[in-house]
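*Asks:* These are the residues of each chain, in order.
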Amino acid sequence: MLDYRLSDETESLRTTVREFAQEVIAPQIGEFYERDEFPTEIVRQMGELGLFGLPFPEEYGGGGGTYFDLCVALEELARVDSSMAITVEAGVSLGAMPIFRFGTEEQKREWLPRLCAGEALGAFGLTEAGGGSDAGSTRTTARLEDGHWVINGSKAFITNSGTDLTELVTVTAVTGDKPQGGKEISAIIVPSGTPGFSVGKRYSKVGWNASDTRELSFDDCRVPEENLVGQRGRGFAQFLSILDEGRIAISALSVGLAQGCVDESIKYAAEREAFGQPIGRNQAIQFMIADMEVRASTARLAYYRAAEKMLRGEPFRREASIAKLYSSEVAMDNARYATQVHGGYGFMNEFPVGRFYRDAKILEIGEGTSEVQRMLIARDLGVG
Amino acid sequence: MNIVVLVKQVPDSGSERKLDPADNTVARAAADNVINEMDEYAIEEALTIKEAQGGEVTVLTVGPDSATDAIRKALSMGADKAVHVVDDAIHGSCAVQTSAVIAAALGQMEYDLVMCGAEATDAQLSVMPALLAERLGLPQLSGARKVTIEGGTAKVERQTDGGFWALEAPLPAIISTWDTINEPRYPSFKGIMAAKKKPVETRSLADLGLDAGSVGLASATSKVLDFAGRPPKGEGVKVTDEGDGAQKFVDYLAGQKIV
Ligand SMILES: Cc1cc2nc3c(=O)[nH]c(=O)nc-3n(C[C@H](O)[C@H](O)[C@H](O)COP(=O)(O)OP(=O)(O)OC[C@H]3O[C@@H](n4cnc5c(N)ncnc54)[C@H](O)[C@@H]3O)c2cc1C
Ligand SMILES: Cc1cc2nc3c(=O)[nH]c(=O)nc-3n(C[C@H](O)[C@H](O)[C@H](O)COP(=O)(O)OP(=O)(O)OC[C@H]3O[C@@H](n4cnc5c(N)ncnc54)[C@H](O)[C@@H]3O)c2cc1C
Numbered sequence: 001m002l003d004y005r006l007s008d009e010t011e012s013l014r015t016t017v018r019e020f021a022q023e024v025i026a027p028q029i030g031e032f033y034e035r036d037e038f039p040t041e042i043v044r045q046m047g048e049l050g051l052f053g054l055p056f057p058e059e060y061g062g063g064g065g066t067y068f069d070l071c072v073a074l075e076e077l078a079r080v081d082s083s084m085a086i087t088v089e090a091g092v093s094l095g096a097m098p099i100f101r102f103g104t105e106e107q108k109r110e111w112l113p114r115l116c117a118g119e120a121l122g123a124f125g126l127t128e129a130g131g132g133s134d135a136g137s138t139r140t141t142a143r144l145e146d147g148h149w150v151i152n153g154s155k156a157f158i159t160n161s162g163t164d165l166t167e168l169v170t171v172t173a174v175t176g177d178k179p180q181g182g183k184e185i186s187a188i189i190v191p192s193g194t195p196g197f198s199v200g201k202r203y204s205k206v207g208w209n210a211s212d213t214r215e216l217s218f219d220d221c222r223v224p225e226e227n228l229v230g231q232r233g234r235g236f237a238q239f240l241s242i243l244d245e246g247r248i249a250i251s252a253l254s255v256g257l258a259q260g261c262v263d264e265s266i267k268y269a270a271e272r273e274a275f276g277q278p279i280g281r282n283q284a285i286q287f288m289i290a291d292m293e294v295r296a297s298t299a300r301l302a303y304y305r306a307a308e309k310m311l312r313g314e315p316f317r318r319e320a321s322i323a324k325l326y327s328s329e330v331a332m333d334n335a336r337y338a339t340q341v342h343g344g345y346g347f348m349n350e351f352p353v354g355r356f357y358r359d360a361k362i363l364e365i366g367e368g369t370s371e372v373q374r375m376l377i378a379r380d381l382g383v384g
Numbered sequence: 001m002n003i004v005v006l007v008k009q010v011p012d013s014g015s016e017r018k019l020d021p022a023d024n025t026v027a028r029a030a031a032d033n034v035i036n037e038m039d040e041y042a043i044e045e046a047l048t049i050k051e052a053q054g055g056e057v058t059v060l061t062v063g064p065d066s067a068t069d070a071i072r073k074a075l076s077m078g079a080d081k082a083v084h085v086v087d088d089a090i091h092g093s094c095a096v097q098t099s100a101v102i103a104a105a106l107g108q109m110e111y112d113l114v115m116c117g118a119e120a121t122d123a124q125l126s127v128m129p130a131l132l133a134e135r136l137g138l139p140q141l142s143g144a145r146k147v148t149i150e151g152g153t154a155k156v157e158r159q160t161d162g163g164f165w166a167l168e169a170p171l172p173a174i175i176s177t178w179d180t181i182n183e184p185r186y187p188s189f190k191g192i193m194a195a196k197k198k199p200v201e202t203r204s205l206a207d208l209g210l211d212a213g214s215v216g217l218a219s220a221t222s223k224v225l226d227f228a229g230r231p232p233k234g235e236g237v238k239v240t241d242e243g244d245g246a247q248k249f250v251d252y253l254a255g256q257k258i259v
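Those sequence lines, one after another, are chains S and P.
Taking the numbering used here, I'd label the letters of the first sequence as residues 1 to 384.
Taking the numbering used here, I'd label the letters of the second sequence as residues 1 to 259.
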């Protein structure tokens, strides 16, 4: 069977998110971006739409949809703006998902309803200044002392960690040594405002400027022992499984950006005149746009394929890496060509493609760099 | 407070719209069909009233099978159920005939209030509330920019060019609303998921006790004889500034009655 048509519900979701992105996000996001400001009100509105609860069951305040629904929503958001798309992506697949997948019933009841409603934002802190790709190199430690984890160390580049809505960060930390040797890494929930946990100021970033990314530090930060997420010593493995599905989401976000480049270029090619005619009359421009569309639509198939395997409960790691690798490179290519179609105006921040250009690069880096994806694909193929 | 909201599916006013040259009716099949934008304001207003006072909001649509998309949108916004009148014989009906169909459907429903958009963006006739008020013997409060329901009375501010009229009428009444009245909500994902479980009843002309010959193109009270596209945009006016540019500009705007 081969059928990638969307269900009526997913199609309605797609249309709604598209309208919301065009009518609510598009008119104001440029200014937030310029000011390096997190648009709390837009994020709240996305919460009201139910975007933060999409793949979670209703009993925890979720929408009862699928992970694919989340991907479709992310694609439509990113078609207009990536900062808001990554805010939802990180909130759902890094903030809430670890608790949903590995948390205790009490943790789920305590955190998920507010996270699903978008009233609270969650973050996940894995990366440290010393290494992101080599996630096992974690230096942050947590030792158990009278029923409390005492956390020391720091985390780098953590999305959603310091907004007005942020209520928790789940961090990975070394909790001991494994019996067979090597570090025992676990994941622990640290509520915002816990003494000893400090959130640095926002990084000055090349792109994703309306999203929140910060450095975190822990200085004898104490949280109750029951804040451990999942089994002790399973933090690393659990995190890797979360990253697998997160890659499908990042792929969807990349496809959105790539498609946004097509949308903007079609519009501009019809409006802009040079040498007495719209620039779209030139085959040079037509071919650039045709190639952009080819890339966006093949990349979409790649994430549909990965999502389809995931929803069917089949192994999807290779497909997720393929989708993430391919679509992030496609996003980068399309951003480059869309900017080209816009000439000098493409270099101006007031045009959406200027933002797309700046937002594209991180897609090849975050949640597993392109090199890491190639490593995973090659490993899965049994090469090396 | 039980409210029936009239919802029409129309070709998207944001894209190119056409008439079908075969019978000069609106070409719906090839169009990008959406819920009539003005109806979204009526739905929003009905939902707001329901949320404050309780009751149910029912959507009533007359239209082809594909109009279920418009119904689904209204249900995902929060309406409780829908009645969809579908019958091939209705194709090509004029406003007068359509009002007979809607009135017959309303005759089988219970309501305290009927609400609709002040116009449909396809034909832009704005006559439906008046036709229905006449047929059903209901007071009509048209073109509202504000609605208040107090006890058995509906009060509205009827929008006019220069301001508004304050009107009131006993319930049941029919109210049409402009897009100045509120900001329609986006359907939430929960709303979208809930919509597929909400009841949609379909009715044929026979169900409504209407004769197929009384509706449709053949017996319509008005007919589109001919149509032409909008003429291409003219050159526009160039104002050369010889020190009096601002004055010329203002004169032009005043001449066009823009200021
Ligand atoms: C805006 C932003 C938001 C982020 N949000 C989060 C977040 O919410 N949570 C979180 O935990 N992290 C987050 N990150 C971190 C992100 O996941 C890492 O930056 C990413 O994984 C890369 O790690 P690194 O920066 O340490 O690069 P490095 O790992 O130092 O990589 C540097 C280069 O070396 C290459 N490389 C490394 N190892 C190999 C190898 N074995 N073979 C070949 N090439 C290799 C990499 O591909 C890359 O090109 C975010 C980063 C950014 C910029
Ligand atoms: C930061 C910055 C600094 C600048 N500094 C200066 C300056 O100091 N002095 C100055 O005079 N200008 C300056 N410029 C303007 C710059 O030279 C122009 O932006 C550039 O020449 C492109 O022109 P355009 O932006 O009008 O694009 P357009 O001419 O509108 O081109 C848009 C797209 O259409 C393509 N295109 C146009 N015609 C054809 C055709 N016949 N066949 C195929 N493709 C076609 C173009 O290649 C481009 O991809 C600057 C621009 C920027 C962004």
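Mixed in with the good hints, there may be bad ones.
[To be verified] Straight-line alpha carbon distances no greater than 27 Å define the calculated DSS-like cross-link-like pairs of lysine-lysine that follow:
(1) Lys198/P to Lys50/P
(2) Lys233/P to Lys267/S
(3) Lys257/P to Lys18/P
(4) Lys146/P to Lys81/P
(5) Lys50/P to Lys233/P
(6) Lys81/P to Lys197/P
(7) Lys238/P to Lys267/S
(8) Lys196/P to Lys309/S
(9) Lys238/P to Lys248/P
(10) Lys248/P to Lys233/P
(11) Lys18/P to Lys267/S
(12) Lys223/P to Lys146/P
Hints listed in this document are in silico derivations from the structure and should not be mistaken for laboratory results.
*Asks:* Straight-line Cα separation of Lys18/P and Lys267/S no greater than 27 Å?
*Replies:* 22 Å, holds
*Asks:* Within a Cα-Cα threshold of 27 Å, do Lys50/P and Lys233/P meet the stated pairing?
*Replies:* Since the Cα atoms of Lys50/P and Lys233/P sit roughly 46 Å apart, the hinted pair is violated (cutoff 27 Å).
*Asks:* Lys238/P and Lys267/S were given as a pair; does the straight-line alpha-carbon distance stay at or below 27 Å?
*Replies:* 26 Å, holds
*Asks:* Hey, Lys196/P versus Lys309/S, does the alpha-carbon distance stay inside 27 Å?
*Replies:* Holds, at about 26 Å.
*Asks:* Holds or violated: Lys248/P and Lys233/P, Cα atoms, limit 27 Å.
*Replies:* Roughly 22 Å between the alpha carbons, so the hint for Lys248/P and Lys233/P holds.
*Asks:* With a cut-off of 27 Å on the C-alpha distance, tell me whether Lys233/P and Lys267/S pass.
*Replies:* 19 Å, holds
*Asks:* Does Lys257/P pair with Lys18/P here, judged by a C-alpha cut-off of 27 Å?
*Replies:* Between Lys257/P and Lys18/P the Cα gap is close to 30 Å, so the pair fails against 27 Å, i.e. violated.
*Asks:* If you draw a straight line from the CA of Lys81/P to the CA of Lys197/P, is it 27 Å or shorter?
*Replies:* 9 Å, holds
*Asks:* Check the hint pairing Lys146/P with Lys81/P against an upper bound of 27 Å on the C-alpha distance.
*Replies:* 25 Å, holds
*Asks:* Does the alpha-carbon distance linking Lys198/P and Lys50/P stay inside the 27 Å limit?
*Replies:* 17 Å, holds
*Asks:* Is it true that the CA of Lys223/P sits at most 27 Å from the CA of Lys146/P?
*Replies:* 35 Å, violated
*Asks:* Checking one constraint from the list: CA of Lys238/P to CA of Lys248/P, max 27 Å. Satisfied?
*Replies:* 10 Å, holds
Comparing the model with each earlier hint shows violations of hints 3, 5, 12; every other hint is respected.
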